[in-house]
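Peer 1: Sequences are here, hints too, so could you generate the full structure?
Protein sequence lines correspond, in order, to chains A, B, C and D. Every position in the first sequence, counted from 1, becomes a number in my numbering once 1270 is added. Every position in the second sequence, counted from 1, becomes a number in my numbering once 1270 is added. Every position in the third sequence, counted from 1, becomes a number in my numbering once 1111 is added. Every position in the fourth sequence, counted from 1, becomes a number in my numbering once 1111 is added.
Where hints are given, some of them may not hold.
Said to hold, decoys possible - No farther apart than 25 Å at their CA atoms in a straight line, the calculated lysine-lysine pairs in the PhoX-like style are these:
id	chain 1	residue 1	chain 2	residue 2
1	B	Lys1646	D	Lys1200
2	A	Lys1562	C	Lys1340
3	D	Lys1288	B	Lys1445
4	B	Lys1579	D	Lys1290
5	C	Lys1200	A	Lys1646
6	A	Lys1445	C	Lys1288
7	D	Lys1290	B	Lys1646
8	A	Lys1579	C	Lys1288
9	A	Lys1579	C	Lys1290
10	D	Lys1288	B	Lys1579
11	B	Lys1301	C	Lys1233
12	A	Lys1313	B	Lys1313
13	A	Lys1579	C	Lys1300
Hints were generated in silico from the structure; no laboratory data involved.
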Amino acid sequence: GAALAGGSALAQSAGDPNILNLPEHARTLGKPVASNPYGMPSKFETNLLRRESPGLTRVGAASVAFTPLQGLFGIITPSGLHFERHHQGWYDIDPSTHRLMINGMVKTPKVYTMDDLMRMPSVSRMHFIECGANTAMEWGNVAVPTVQYSHGMLSCSEFTGVPLSVLLEECGYDKKNARVILAEGGDGSAMTRTISLDRALDDVIVAWGMNGEMLRPENGYPLRLVVPGVQGVSWVKWLRRIEVGDQPYATKDEAVHYIDAMPDGNFRQYTSIQECKSVITTPSAGQTLLDKGFYNVTGLAWSGRGRIKRVDVSVDGGRNWRTARLESPVLPKCLTRFNIDWVWDGSPAVLQSRAIDETGYVQPKINELRAVRGTKSIYHNNAIQSWQVAQSGEVSNVQVY
Amino acid sequence: GAALAGGSALAQSAGDPNILNLPEHARTLGKPVASNPYGMPSKFETNLLRRESPGLTRVGAASVAFTPLQGLFGIITPSGLHFERHHQGWYDIDPSTHRLMINGMVKTPKVYTMDDLMRMPSVSRMHFIECGANTAMEWGNVAVPTVQYSHGMLSCSEFTGVPLSVLLEECGYDKKNARVILAEGGDGSAMTRTISLDRALDDVIVAWGMNGEMLRPENGYPLRLVVPGVQGVSWVKWLRRIEVGDQPYATKDEAVHYIDAMPDGNFRQYTSIQECKSVITTPSAGQTLLDKGFYNVTGLAWSGRGRIKRVDVSVDGGRNWRTARLESPVLPKCLTRFNIDWVWDGSPAVLQSRAIDETGYVQPKINELRAVRGTKSIYHNNAIQSWQVAQSGEVSNVQVY
Amino acid sequence: APAAAATATPTGLGRPATAAEVAAWDIDVRPDFKGLPKGSGTVAAGQVIWEGRCASCHGTFGESNEVFTPIVGGTTADDIKTGHVAALKTGRQPQKTTLMKVATVSTLWDYINRAMPWTAPKSLKTDEVYAVLAYILNMGEIVPDDFTLSDQNIAEVQKRMPNRNGMETNHGMWDIKGKPDVHSVACMKNCPVEPGVRSTLPEPSRNAHGNIALQNRTFGPVRGADTTKPAPT
Amino acid sequence: APAAAATATPTGLGRPATAAEVAAWDIDVRPDFKGLPKGSGTVAAGQVIWEGRCASCHGTFGESNEVFTPIVGGTTADDIKTGHVAALKTGRQPQKTTLMKVATVSTLWDYINRAMPWTAPKSLKTDEVYAVLAYILNMGEIVPDDFTLSDQNIAEVQKRMPNRNGMETNHGMWDIKGKPDVHSVACMKNCPVEPGVRSTLPEPSRNAHGNIALQNRTFGPVRGADTTKPAPT
Ligand code: HEC
Ligand code: HEC
Ligand SMILES: [Ca+2]
Ligand SMILES: [Ca+2]
Ligand SMILES: [Ca+2]
Ligand SMILES: [Ca+2]
Ligand SMILES: [Ca+2]
Ligand SMILES: [Ca+2]
Ligand SMILES: [Co+2]
Ligand SMILES: [Co+2]
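Peer 2: Shown next, in the form of structure tokens:
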């Protein structure tokens, strides 16, 4: 790249030794097929891993491992790098022993095996999952060094499973009085979350498939709830039970956590929907540009209320904006990848992206968010993210608004 | 499932011990996050692997490992199970030493590093890749026991890279006289394929990303050509060079292989486009249904000429057909997942799927294909696949037309 | 995309759950105490359980933040009267304890019963859950030392929860068609921006997540910054 | 979806290739011999190379199918005249050799030069490629025993390639808008179907890929068939 960019030095020499001296792989026989019957990334890719944020949590089994968004492409998150958030650790559950129970306000409470469920009418859909606490550390001031830690509780996969509506219908849910469902996990925490019946009957999936194969153990194998547009904690993993009810359950993770601290000292409870948000993933904080010149600025946009309509990018800290290209597909409640050209002239710059969803909602600046919700909040920080490019080419996390 | 389906036995007993005796994972603390910084499938998933077809090829480094379609969901192929086809083995190439050269009918022949390429304007697109020899073994009679071997040279991923058109433009390709490009690999075989300029300027991508991360070594890390709709061998891996030319190159794999033997003794050369095709993946040959009753019949459809318009499914060997549900997204030159209800009454049945693409082309029966192309062909078998369900519930590979 | 359209055929799959099965798994307790099993436990009995099976993680007084945020602390007798924890507004106690936040006593009963102790969830007997919850409430001075918590009087205790009036649900984030609270506009040219950079990464945080150079590829459009060294100027 | 719309800005990335670089990598040889380097090799020299560096895999007479289909065989003097390999039509030789199929001698020169010997590709010198190709053509009786193949006479040899007239490109599978050759119709009800099952899996193939039970999940809507046992009836 940079070192060879001049070209004149090379034109005088015969050229790049990586071309002139044929590499070994051009002169030898490679490895046979199925050397790895289940393949893995290159040995040159080991820097991109799920990582914890030191000091964020005290114990690894009630913690987070963040997705390395700084090095990912497109919208599909490699399943091996899907972010992890457990409250009482993860398990690799034997599917032949796993059961799903549906009870509560239904005509017939039922039990399903994995055999039963996987015979049922299935759907496949691509959706993002974002933890309600994603970007929490940045509510007040800048706190973390890279997009992995600021936005890495975000992943996107193709999920396959049976629509919850089909199951509720077959159990004969009480159409007149039911208002909510409770989803319950089979793990130690037996994680429980209230979900509105409206969501449950819309696009919620009782899912076993993720990116073409079964869910990974860390993501709920063999069964999890997929609740498109709603914060990740509601996507109950190792799902064992759905109860139909007529009022919310105020479970620990909706009565003590995942509640939004407002300036007046009250909390908002049952804040579920992840509002429209975006972030530039490359270049992003902790990365250094190679040189002046052309760059592809790329990032992700998403909305819990539907499709992304537009993404604008600023390189001058929000004074002027240009509209980015959206890659297809643009799906509801799914990540959308955006790209835009940028020629860096070597002077300091501040990169920002701003998403607009199909409802017309515009991703806010952090000060606009704080003007309404104050500074004590933890969850649902969907503010515009700013990355400052120094003259050295090093990019860092800043707040500019 | 089956064993408990009656329910009456259970109603008399207290219930399923898997429910009544709380499983260990409900009573203990699970494992911490990032136990696997790069995650892997469950230990209960080890039956689904890439596998070779014994006797198909003589040496593993010039062979095929097939994708286990019988157990996959949706349209994204897990990268670890992407089919493999190498002609001189695979390598894990150091990206810092990898170069792409563009030469031939261009104003300025150029050299690009991975740094250069990954700075360029990028796109992300989902596309299927199918080997031209997929389903080759079935041209004459039934030969293989499962869909992994009959259709498993098929995968689908989200690819990220720079459009080849951008590179050709910047090198100043000869707009008047250029007709084709030659793509060349950096492996021992230095695989070369001629591609029409029309394709090259349309949606061909010089790609580094696959399903969110870098290409896997077996699939061309760090750079491969993505040639949507065209047979897999043209998607040159470990891509080192693109030459712009004015006539085809008749390389070994387009002059001795990947040519279609016609009944008159001639070969068709430069057959590139993968025509519209579909297959039911579950239930499929080598699988046994659990019991009578409801099943979700699911499969994949694709076309090298664009989008899938419709998929019909027959359970009586082609006498009567019903239109299946298509899952979103339905993208051009991409797998489309279809699903349809089926209640198995326990009597023998023959399952078939038939795809129609946006050009109106209807996937043919094997006898219709043979009526035109004869029985000596190897490549481009896109016939309707039949799976026979025996009274025992066992499904097997048959030809019915 | 309403998924119900997926099928018209009832599948007949699955089977009715037995009463014993529902009893084994249906353990949730709602704010109106639906689901709460009969039983009781004293503060004294709770103290024994707490000190034996909880304090190692949560501290003798529920004050520890070794494994999690503290459970007890930050509430006052006045809060018990108003049902609003004043410290939430004043910000006097920046670390919010469980008792400062929780509005519903059912939440604690339900959660302890399903998930605690952390390494042996669902190991407490019903009366033990009553007892240890009684003890937690006692540490928070919500119930007296001689209190026996039971299914009969828990509704009374609810009326003393310090933050029982602290929740609101009049927001737009439950309903997918809900009205957002923040309204930005998509200005494109010469937009108003406050001058300067308002916040930057504190120097000690630069390398607090390890060397970022090792968390990026060694090729491509950028390199990870070597955060073992100060940022170049 | 024309991708060219991706950008309007010339990136200026990459750099001009040097002449030596292009020479090092631009090794392709086209049917019209563009790209063919000057040089020559005799059948006799080729035999030495073949026997030393090729025959172990392809057989002394290019007849082996140990590692790949045979290279030589199945062509006749008459084929050399007509430029059509008759056996392709009659099907007399079911295993098609390289010389039966290949229409362009450039293909062989190009391929041997870039990829053979398999374990040491690109190790042959230019004259060695001429020589070993001369020997292959000699085994196929396309050139005489005393022949010297060179860049000067290769165009003459092309006129003797047995299947030089065996390719056609008048099909619809090169152009994305090409006309398909097979035209089916999407009948929906009471469609014509030939009676019976026309082909089934031969019994020895049932277990030839290993036990299929171990190639499917042990849960879900189906189980893999135990192919170590005959199919149940
Ligand atoms: C081995 C450590 C450990 C022990 C022992 C333990 N806990 Fe916990 N406790 C935790 C952790 C960790 C959490 C947070 C779990 C999470 O992230 O969801 C927690 C959460 C809680 C909470 C919820 C607090 C909040 O604000 O969310 C309560 C209440 C609680 N524990 C009570 C108890 C009681 C009662 C016992 C004993 C019967 C007990 N704990 C024993 C580790 C422990
Ligand atoms: C170690 C084994 C090995 C050696 C030695 C070897 N080959 Fe090959 N050869 C192969 C294999 C395997 C293939 C098929 C490669 C593929 O699948 O693309 C092949 C393919 C070929 C082909 C193409 C045949 C076709 O129909 O596609 C030619 C021509 C050929 N070899 C010539 C040679 C010559 C000339 C030499 C010696 C200079 C040689 N080979 C040495 C293994 C070998
Ligand atoms: Ca308020
Ligand atoms: Ca013909
Ligand atoms: Ca209940
Ligand atoms: Ca006390
Ligand atoms: Ca050339
Ligand atoms: Ca001879
Ligand atoms: Co969360
Ligand atoms: Co192929």
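Peer 1: So, for every hint listed, does it hold in this structure?
Peer 2: Verification of the hints:
1. B:Lys1646 with D:Lys1200: Within the cut-off at roughly 10 Å; holds.
2. A:Lys1562 with C:Lys1340: OK: lysine 1562 of chain A and lysine 1340 of chain C at ~23 Å, within 25 Å.
3. D:Lys1288 with B:Lys1445: Holds. Lysine 1288 of chain D to lysine 1445 of chain B sits at ~21 Å (cutoff 25 Å).
4. B:Lys1579 with D:Lys1290: holds (18 Å)
5. C:Lys1200 with A:Lys1646: Answer holds: lysine 1200 of chain C to lysine 1646 of chain A is near 10 Å, not above 25 Å.
6. A:Lys1445 with C:Lys1288: Distance ~21 Å between lysine 1445 of chain A and lysine 1288 of chain C Cα, so the pair holds.
7. D:Lys1290 with B:Lys1646: holds (22 Å)
8. A:Lys1579 with C:Lys1288: Holds. Lysine 1579 of chain A to lysine 1288 of chain C sits at ~17 Å (cutoff 25 Å).
9. A:Lys1579 with C:Lys1290: holds (18 Å)
10. D:Lys1288 with B:Lys1579: Given that 25 Å is the threshold and the Cα spacing comes to 17 Å, the pair holds.
11. B:Lys1301 with C:Lys1233: Satisfied, since the Cα-Cα distance of roughly 18 Å is no more than 25 Å.
12. A:Lys1313 with B:Lys1313: holds (23 Å)
13. A:Lys1579 with C:Lys1300: holds (19 Å)
Going through the hint list in order, the structure satisfies each hint without exception.
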